[in-house]
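**Q** This is what each chain is made of:
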Amino acid sequence: MTSGFETMMAEDGSQTPWRTEIGTRLSTGFAGVALLVLAGLAFAPFVVSRGVLQDLFFILTMLALAQSWNLLAGYAGLISVGQQLFVGCGAYALFGLVTLLGMDPILAVLLAGVVAALLAVPTAFFVFRLHGPYFAIGSWVIAEVGRLVLAQWKMLGGGTGTSLPREAARDMAGIALLKDWFGMKAALAADALTFWLALIMVAVTIGFVYRLLKSKQGLGLAAVRDNETAARALGVDARRMKVTVYLATAFLTGIVGALIYLQKGRISPDAAFSLTDWTAYVLFIVVIGGIGTIEGPIVGVILFFFLQNALASYGSWYLLLLGALAIATMLFAPRGLWGLVSERTGIELFPVRRVLKGRPLAQTAKGGPNG
Amino acid sequence: MNWVDTILQGVLLGGLYALFAAGLSLVFGIMRLVNLAHGDLIVFAAFLILVLVSTLGVNPFLAAAIAAPLMFAIGWLVQFILLNRTLGKDILPPLLVTFGLSIVIQNGLMEGFSADSRRVSAGALETASIPLAGLNIGLMPLLTFASAILVILVLNRLIYSTSIGRAFRATSDDPVTAGLMGIRPERIFAMATGIAMVVVTIAALYLGTRANFDPSAGPSRLIYAFEAVIIGGLGSLWGTLAGGIILGVAQTFGAAINPEWQILAGHIAFLLVLVCKPRGLFPRAID
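First to last, the protein sequences are chains A and B.
If you're matching positions, the first sequence starts at 1 in the working numbering and goes up one per residue.
If you're matching positions, the second sequence starts at 1 in the working numbering and goes up one per residue.
One chain only, chain A, in its complex shape (with noise of 0.2 Å):
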């Protein structure tokens, strides 16, 4: 976990280097769970029932959008109310890719997500001439263009919405190996590989964002969130920065769309874009976990299934609820659950903080370590 730039030598001429590390021995033994957890998760298909199955699903698949929007917001500083946009136009490109074109769902998920990305790029031409709270609000009028435009696509059921084809996801690739090896109904099937390519996305969600916060790139990007004029100042090119972020973004959110509408089979503009399921539930999932950390959304997401468990008979109850949590949240906790529990105990499962390594210090010396 050590990332290798030495900055500085030690001063009394001694060969034992200064160095920034990132890590630390819990994080470090933290990574061999994590990939625990993600093999013993990666055999549940296996084991559990179907319906312990969906929950998973859907726990992994907002896992992974929540981690999207934890790095526009939480450390690109780019507010969406608006990756619905990309869940909505992910799963469109999917539906519209098998049924139009006959293409393979797997493959077309995928493609989604390059479809995505595309369309992210003429509306981030939109969306950054906005600034600051405008973003935000510029985000969610181009989602609901997005919405408004699919719903006349009258191939595709225009507003009402339509259904894939059943056969094609009984001939999903992969189907007929499940089937042949381990006896799966097709049913099933379809539910184990939307459930491990969610599992995967979830994997490389937090591994991109991980690898990018520990990153030369990652440092400019917190950076920027800090002071922007600052971070300019010292040669970070925030815009382009930006940019970057919001089109990676957009490629997860749209693949993760797609593989939401491949397990449920059946979309419409309304619920593909609908900014109560796709961004306010994902918001309140990182606030109440913890913006601007990659625990947040963890803890956040756990929390939020099992409220939505214990409560979702209440209905508008249910949301009042978390709406109010999350004020609270922001109010009392700013850094959100997560922020509470390393406050107090220092836990970083996820360190991104670059920690000076090398002799301990010489408090004696003159001028010391900086200078």
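FYI, nobody ran anything at the bench for these hints, they're computed from the structure.
For every residue, glycine included, the Cβ atom is placed at its ideal position computed from N, Cα and C.
A few of these clues could be false.
[Stated by the list, open to error] Just a few of them, taken from the derived set where beta-carbon distance is under 8 Å, the chain B residues facing chain A: (1) ILE91; (2) LEU96; (3) PHE99; (4) VAL104; (5) GLY108; (6) MET110; (7) GLU111; (8) ARG210; (9) GLU227; (10) ILE230; (11) ILE263; (12) LEU264; (13) HIS267; (14) LEU274; (15) CYS276.
Based on these hints, arrange chain B on the given structure of chain A.
**A** Same frame as chain A, but now just chain B:
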């Protein structure tokens, strides 16, 4: 398609959008706060008027007059207790708190009034119209437009020629220095939001009497208000009226071609302005 009629209807519709936008613009101008719950507060006020009309049996205009001080108090309290805590250099807290507020209001209304569409009846006024050069102009749209102009006149007068307006401008320019001069910024902010809620009540009166509304109608009102503000340019209330008119005309033209394109046409007009003049048509503030 009758072009003159379409343009006229669009202009009058623009008055409604300017009313939606005026409160948003006022609050942003003074404390740089974008209230994502603005549309839901309009719908909330419309429900308040509806309740007053049905329980007291009064005329909607009188009901709005009763609702206005209530909304002022609600706005004052929400700003003083909740939103003032979120103001600062970081734009995340105010956005997320007002977004949370929006969800809370929507679902609270859903719980209280169900998802049914409602309408406030304005009696004979609803269908009354004035014949003018071969066109029939609805009295309600005309009243809406006149109210928008009146609201903007009053707000401009308030901001530029009263002592409270001077305090608004001073706090907007520099809250710390204004504080040194004996102004308490948190009270000024609360006052501004209270006044914005009075404008919201007026907007709600026309929203409720001219069309159906339901608890989920808020977000699209926020979007129209936002588009009117951005088209017009930040910081200018007359610009906001112009923005509302452009939005209204674009929507009625879209609807005249194909009813499904009404909203889309408005959004496209907004995006076109954003591309050609990113700072709006009549910008004043520098942000």
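**Q** Compare the structure with each hint and give your call.
**A** Here's how the hints hold up against the structure:
no. : hint   : in the structure
1   : ILE91  : holds (5 Å)
2   : LEU96  : holds (5 Å)
3   : PHE99  : holds (7 Å)
4   : VAL104 : holds (4 Å)
5   : GLY108 : holds (6 Å)
6   : MET110 : holds (4 Å)
7   : GLU111 : holds (5 Å)
8   : ARG210 : violated (22 Å)
9   : GLU227 : holds (7 Å)
10  : ILE230 : holds (7 Å)
11  : ILE263 : holds (6 Å)
12  : LEU264 : holds (4 Å)
13  : HIS267 : holds (5 Å)
14  : LEU274 : holds (6 Å)
15  : CYS276 : violated (11 Å)
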